[in-house]
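Those protein sequences? They're chains A and B, same order as listed. The first sequence runs 1 to 366 under our numbering. The second sequence runs 1001 to 1381 under our numbering.
Treat the hints with care, since some could be wrong.
Unchecked claim - Distance windows between CB atoms, simulated:
| # | chain 1 | residue 1 | chain 2 | residue 2 | range |
| --- | --- | --- | --- | --- | --- |
| 1 | A | Gly-107 | B | Ala-1099 | 54 to 64 Å |
| 2 | B | Lys-1155 | A | Ala-234 | 38 to 48 Å |
| 3 | B | Pro-1274 | A | Gln-25 | 44 to 54 Å |
Because the hints were derived from the structure by calculation, they are not lab data. Quantities reported herein were computed from a predicted structural model and do not represent experimental measurements. Beta carbons: idealized from backbone N, C-alpha and C, even for Gly.
Listed below, chain by chain, are the residues.
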Amino acid sequence: MTYNHRARRALYFCAPEPTKTMDLQIALLLGQDGIVNGAIYALLALALVLVFAVTRVIFIPQGEFVAYGALTLAAFQAGKVPGTIWLLLGAGVLVALIDATIAVRGGGLRRLPRIALVNLVLPGIIAGLVFWLEPGKLPMLAQIILALAVVVPLGPMIYRLAFQPLAEATVLVLLIVSVAVHLALVGLGLLFFGAEGSRTTAFSEASFQLGTLTVNGQTLWVLGASAVLIVALALFFGRTLYGKALRATAINRVGARLMGISTTMAGKLSFTLAALIGAFSGILIAPITTIYYDTGFLIGLKGFVGAIIAGLVSYPLAAAGAILVGLLESFSSFWASAYKEVIVFTLIIPVLVWRSLTAHHVEEEE
Amino acid sequence: MKLKSLFAALLSTAAVSLAYADINVGVLVSATGPAASLGIPEKNTFALMPTSIGGQKVNYIVLDDASDTTTAVKNTRKLLSEDKVDVIIGSTITPNSLAMVDVAAEAETPMISMAASARIVEPMDAKRRWVFKTPQNDVQMSTAITEHMTNNNIKTVAFIGFSDAYGEGWWQEFSKIAEARKLKVVASERYNRADTSVTGQVLKIMSTNPDAVLIAGSGTPAAMPQKTLKEKGYKGKIYQTHGVANNDFLRVGGKDVEGTFLPAGPVLVAAQLPDSNPVKKSALDYIKKYEAAHGPGSVSTFGAHAWDAGLLLANAIPTALKKAKPGSKEFRAALRDALEGTKDLYAAHGVYSMTPTDHLGLDQRSRVMVRIENGKWVAQK
Chain A
1 MTYNHRARRA LYFCAPEPTK TMDLQIALLL GQDGIVNGAI YALLALALVL VFAVTRVIFI
61 PQGEFVAYGA LTLAAFQAGK VPGTIWLLLG AGVLVALIDA TIAVRGGGLR RLPRIALVNL
121 VLPGIIAGLV FWLEPGKLPM LAQIILALAV VVPLGPMIYR LAFQPLAEAT VLVLLIVSVA
181 VHLALVGLGL LFFGAEGSRT TAFSEASFQL GTLTVNGQTL WVLGASAVLI VALALFFGRT
241 LYGKALRATA INRVGARLMG ISTTMAGKLS FTLAALIGAF SGILIAPITT IYYDTGFLIG
301 LKGFVGAIIA GLVSYPLAAA GAILVGLLES FSSFWASAYK EVIVFTLIIP VLVWRSLTAH
361 HVEEEE
Chain B
1001 MKLKSLFAAL LSTAAVSLAY ADINVGVLVS ATGPAASLGI PEKNTFALMP TSIGGQKVNY
1061 IVLDDASDTT TAVKNTRKLL SEDKVDVIIG STITPNSLAM VDVAAEAETP MISMAASARI
1121 VEPMDAKRRW VFKTPQNDVQ MSTAITEHMT NNNIKTVAFI GFSDAYGEGW WQEFSKIAEA
1181 RKLKVVASER YNRADTSVTG QVLKIMSTNP DAVLIAGSGT PAAMPQKTLK EKGYKGKIYQ
1241 THGVANNDFL RVGGKDVEGT FLPAGPVLVA AQLPDSNPVK KSALDYIKKY EAAHGPGSVS
1301 TFGAHAWDAG LLLANAIPTA LKKAKPGSKE FRAALRDALE GTKDLYAAHG VYSMTPTDHL
1361 GLDQRSRVMV RIENGKWVAQ K
């Protein structure tokens, strides 16, 4: 035995515990975990790119919709009335008051019935359904639709209250307002749902054997639903008039307005979509993980890293970036769990350096 | 006219001196932010405390520190300078309490912390003279766990904890005691309270095949590693810390947390304690009061830490009142001395007997091993 061998053996016995090597089984499991999380980040990254492209708002409260969607559904299943219903009614009344005042001052009395219908009657009907139907006893699909009906209208209402009056402001002002909205929504979330987390029942308890890998049904639901949603968004932007209007607004606000596209409509529509994507993502992951009133922020932030990789413009790149974040997170939690977040968020730095070196920098006209 | 204004002036001075006679208790809890699940039951508990002690009116001024150290220090200064409090109870978590030690000592005002770490009252020095605490030290709980492990023939343990002060504190205490007791720690993993997946950490733990896993987290987030362990087919014993002792943990954990062992304050299983246990009566007393106000099953061990702080005060204030008037420097010093002189006080979490070097004053009567059986906490012999 040479000196070298002996030293190595001595080292082996002195070392606290040799690092466990990764076999194929573990790599597959980690890969599966990373892709599922990545799929959710991808959905949020798409929503962030959409909102930023159309309204120039970096939508930090995106994550709150994840928590609101999941916790509203969990409240239904626990037989409680979710606090979000009061937020919906309150925001509706506020929007109706503001819009009605503007309509009356501007002499547009004919707009009043529509304002009342959208902001007062519809939330009222949704609240009525929640109170009288005992949503916990309904089939899963009906519960999900009802939870979405409670949370999604909050998107356009938030746009109306917080962002529409500032639509022409700078990106920085919009970002500051965005942070304020985020803080307000997190605080309300604590008030509505309490500090402890909740889970919802799984869409399906089935699990499949794929070689040596066990895949449970909910995982497939997350992947399938994410894929469907992404394709549906692609079709929406490519094939429908509203989708094209959003794209036009994203490319050139003034030009779009000259062509008769209302930027207010575009803003509200993009926020509706963002709220829908957020709430639905929350409902998808709530059976796999415990959701807290403030869980959304971190999930949203990881979606944001994905969106940054795409420079906040490209949808396919954002989705790919988000999946990369999911995989990186999963594998780093195996290798160095204490540094997981550091590794994930440090990813931004090389990406930013690379982007600023390669991309043509366009000065914003501010 | 003159007489009238004189009368008014007299009245107002009387009112001022009356206000000064009140005892002002400044309370700082983490009712929002990451520690909200601990801070909210504490906050609720202050509403149940006596409003008059030793014939004096007691005002509780409750502020929130949002689980944030800077806010905790800011609000402590506010309580001291604006509300002229005689004593401070708070905060919920260790980092905040440690930061407040300097502020309280500087103002020569006694402070009772509701946070776990032993570092808040140890080692005793000129500043910590003013500081007391009610929750059991981490080291007491770690000892209980390692004792239980060695008694049950466990040789290898894996550790997974929060990547914050709570997890790190446990890791330091537990790894030290485990080594002394010849337990082999085969893995040490971390995760975040807000993580949506711990698959990576759990796979790593399972690849080391430990006899038991210790999860050092608090509240419902501590259920996640356990659910993942069960999902991946782990068959060994699972230990949790006293941080999970509330009913939300059972709700979220469901059938996956069956058979879990944890050390906890006696208040968690008060009804199951033998009548000979001195803590039973005082613990049940708190549970009855809390559940009368917030509904059956709503009580948690965290609120009981606040209750115990209140009991310490109620016990010390009459002694201090004999020496000085509330609102004065002398009263605060007398209150500190009286707190330090606490002897055999039966509270919800144990029996407090303080000394000049021990400002916690709890012994082994302050902990029991508990097992989760059929969704209930069951005390172990």
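We went through each hint and held it up to the structure:
1. The hinted window of 54 to 64 Å between Gly-107 of chain A and Ala-1099 of chain B holds, with their beta carbons roughly 59 Å apart.
2. In this structure the supplied range 38 to 48 Å is violated for Lys-1155 of chain B paired with Ala-234 of chain A, their Cβ-Cβ distance being about 56 Å.
3. Checked against the hint of 44 to 54 Å, the pair Pro-1274 of chain B and Gln-25 of chain A passes, with Cβ atoms roughly 49 Å apart.
In the structure shown, a violation is registered for the earlier hint numbered 2 alone.
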